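J.: Residue strings, one per chain:
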Amino acid sequence: MSDFGLRISDCGLKDQLFVSFNPKSAIRNRGRVKMSKSAEPVMLDLASLPREQVGPFLLLGLPKESDKDRIESNWADRLKWARKNLMKVPLEDINWARDILNDLDKRIRADAASLNLDTTESVLQTLARRFGVAAGQPGRAWQPLDSEKALADYMPPAEVPDAAAVRAALTVPQVPEELPAVAVLLERLAQMPLDPWAVVLPK
Amino acid sequence: MPVVEVLEEVLPVAEPVQSQFEVAAQILDRAVQGGCQDANVLYMLALAHKRQGKTNEARSALRKISRPDANVILQMGLLSLEEGNLAQAEGEFQRARQMDKESYEICYNLLLTQLTLGKIEECTKLIPDAVELLDRSPGTLPGGAYAPDERRFLQLLQSLLQQCDETMLRDPRFDPVLSEMTPDDEQRLLKVVRSLGQLDVVHTLLKALTASRPRSAAVREAYIEAVLVKAKDVMDRCNWTEAELLLRPLANDRSASRANQVALLNLLGCCACLTQDFDGAINQFQNALKLSDRDPRLHQNLALAHELRSDLQSADAHWNRYFDLLDQRVPAPPDVPKYLNSLAYESMSRLASRYSEKEKWNNALGYVQRAARLRPDDPDTLERLFHLYNHAKRPQDARQTLNDLRRLRPTDPQLDLYELDLVEVKGLADIEKLLMEIDRILKRYPGDARVEERAVTMVGNVIPLMGNLCDQLTEQMGKVIDQVRNLPNYQINWTAVRDVMRDLLREFQKLRRIVGKCMPLVTSDEHKRIVRDLAEHIDKKMEACRSMGA
Chain A
171 MSDFGLRISD CGLKDQLFVS FNPKSAIRNR GRVKMSKSAE PVMLDLASLP REQVGPFLLL
231 GLPKESDKDR IESNWADRLK WARKNLMKVP LEDINWARDI LNDLDKRIRA DAASLNLDTT
291 ESVLQTLARR FGVAAGQPGR AWQPLDSEKA LADYMPPAEV PDAAAVRAAL TVPQVPEELP
351 AVAVLLERLA QMPLDPWAVV LPK
Chain B
1439 MPVVEVLEEV LPVAEPVQSQ FEVAAQILDR AVQGGCQDAN VLYMLALAHK RQGKTNEARS
1499 ALRKISRPDA NVILQMGLLS LEEGNLAQAE GEFQRARQMD KESYEICYNL LLTQLTLGKI
1559 EECTKLIPDA VELLDRSPGT LPGGAYAPDE RRFLQLLQSL LQQCDETMLR DPRFDPVLSE
1619 MTPDDEQRLL KVVRSLGQLD VVHTLLKALT ASRPRSAAVR EAYIEAVLVK AKDVMDRCNW
1679 TEAELLLRPL ANDRSASRAN QVALLNLLGC CACLTQDFDG AINQFQNALK LSDRDPRLHQ
1739 NLALAHELRS DLQSADAHWN RYFDLLDQRV PAPPDVPKYL NSLAYESMSR LASRYSEKEK
1799 WNNALGYVQR AARLRPDDPD TLERLFHLYN HAKRPQDARQ TLNDLRRLRP TDPQLDLYEL
1859 DLVEVKGLAD IEKLLMEIDR ILKRYPGDAR VEERAVTMVG NVIPLMGNLC DQLTEQMGKV
1919 IDQVRNLPNY QINWTAVRDV MRDLLREFQK LRRIVGKCMP LVTSDEHKRI VRDLAEHIDK
1979 KMEACRSMGA
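Protein chains in written order, with my numbering: chain A, 171 to 373; chain B, 1439 to 1988.
Hints listed in this document are in silico derivations from the structure and should not be mistaken for laboratory results. Treat each hint with caution, since some may be false.
Claimed, not checked - In the EDC-like style, the derived pairs of lysine to aspartate or glutamate whose C-alpha atoms are separated by at most 16 Å in a straight line are:
1) A:Lys-258 x B:Asp-1749
2) B:Lys-1948 x B:Asp-1909
3) A:Lys-238 x B:Asp-1773
4) B:Lys-1796 x B:Glu-1857
5) A:Lys-319 x B:Asp-1603
6) B:Lys-1776 x A:Asp-247
7) B:Lys-1955 x B:Asp-1868
8) B:Lys-1776 x A:Asp-237
9) A:Lys-258 x A:Asp-275
10) B:Lys-1776 x A:Asp-275
11) B:Lys-1557 x B:Asp-1507
Claimed, not checked - Over 12 Å on every C-beta distance to chain B, these chain A residues come out as not near it, computed from the model:
12) Ala-252
13) Pro-343
14) Val-354
15) Pro-363
Owing to the predicted nature of the structure, the values given are computational and were not obtained by experimental measurement. For glycine and all other residues, C-beta sits at the position ideal for the given N, C-alpha and C.
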């Protein structure tokens, strides 16, 4: 960040930022700043503090309590914005901020020396959540109206046989009175060797 | 038996059970894979996926429907909304509406999607159609809403959107619908506006609503909140001037809640500070502190603003208050243990450095003493404390600190040299003693870079002292020579002159010996040149003394 821009407190133009164009003050400040011809408020490109004084938290738009994932995510966003000229901060400063925050000692030192955008009660974070713009939160919070087709009783156009008719059509074979397995079992028992000494006689 | 095992025995563990939507999706998916292309089966499969939050699968099932009707497109729009793709959702709702102009749900969703996208003109045109659909609807809508309530809400929204026109914002006209709405209607409207999730749109709508209802505290509060969130968003992109332009009109607003006022003044202070208007920043931070004196972060901001104006004295009070208030209320990163303790320590160390840069040793000493109380066994802090005691001319405390340091670093050779810092150099004897000690320590720790470096610095500090002593002796000699030159010969007490010259010669000889001892301890070329010149100068003076009868 440049440290050679116009210092607002030095030139006394602060109030002109917020009022319409005033020809008298334009004459008074002639030569110091290029004035717009329109009736829109005059926008001055003010000098910012050097990056060490702005601090890594403000450069990456992070609360001081952010965890590593949040640091990486904000860093990646800002890299994209800087490459697309959506942000005035140079890439070098964005990378510098990330390096500082990834080194714990440097991070704590930076915390001690940088401004807090939010209060201790985190009022701004709470408001951001309420408006659906906090990090990792889906933007929209309104509920759309849904109407689904009622298909609970839907019958697909396929031939499904009637369960009662199928049951009626089944013929169960009759169980024979003779049990053919008995003869086989007795035959197998008779073929087994018999040890007379192993027989325990009842007393 | 360990407690965990007992608990495992007593407490039933939930078995993973397939949800009914999961089972339905599996069966329907099997049917589709088996060749079923029935639109309703695909639709039911999409719903089963949707209810499980599987938007991709749901969309691919809907896409397989060969002739999608309005409801299918509506479902696709809902999926796009779920994915946060507002532009796609708008397109799908528009397509659905072309197919079915009678669906209030489609119309309502399109309306709110366009509103979220900030398409106020399109939205304004759509509201009469939605109202007409409501007129044809029964009392209660499918979502459970009551049609007359819904109609009233849409009329309010229409009036609000009409007020959003730029010319209307500059010169708001009286709108009876907006100015006479009930508190319940106002709450509903605020809720919907807040839920849009697009800051620019929310800001525009609330600005228009504030202009139409200037006496409503709830609307004013919501507007201030929106401005605060938007300003913070702008500041997160490092656009300090734009943020200040947003906040400035609200600077004197006292209608907001205390917390919001504090946040507003604090943000204004930060903007001012970041654009180097430090006086303005101090003013804003002080106003914020009047409302919330127990906020450590505000004290830190004010202290930093004073520092940036190079007014360390004024910053001091706020730093002290900051340290007093720094407790568990202050949010800290979850993955860093004892963060606040480290923060306090680093803040104190930093302040000590700032005061040391300005050679305000006592102020610096105060902060390092506090830092040492936080980390009593930290040798670096004690070393710093030792040097500050030396600078502040407190040799007793310095000696005590050096003893503590010896306890923590018993083998550190540098500490022997630190001992020499405590020697007060008053004359030639002190200088000689100092140089001998340095020589002794260097011989005891040969090749120790830290000792050599420190010794060079100490010898470098001694060289100017020798120069001063040489100048003093030369001056005395000059006075005697002047008197001898200006007085007639018979008035000169030659005995006294010889005595003085003898004394001066003795002092010069002593100094020459010390300079000789200094020579081997000097390493830099510059120092060597100075010492050599000094030795030559002393030799000349000694010769002069001798020529005067010494």
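J.: Which of the numbered hints above does this structure break?
T.: Going through the list in order, the structure violates hints 1, 4, 5, 6, 9, 11, 12 and respects the others.
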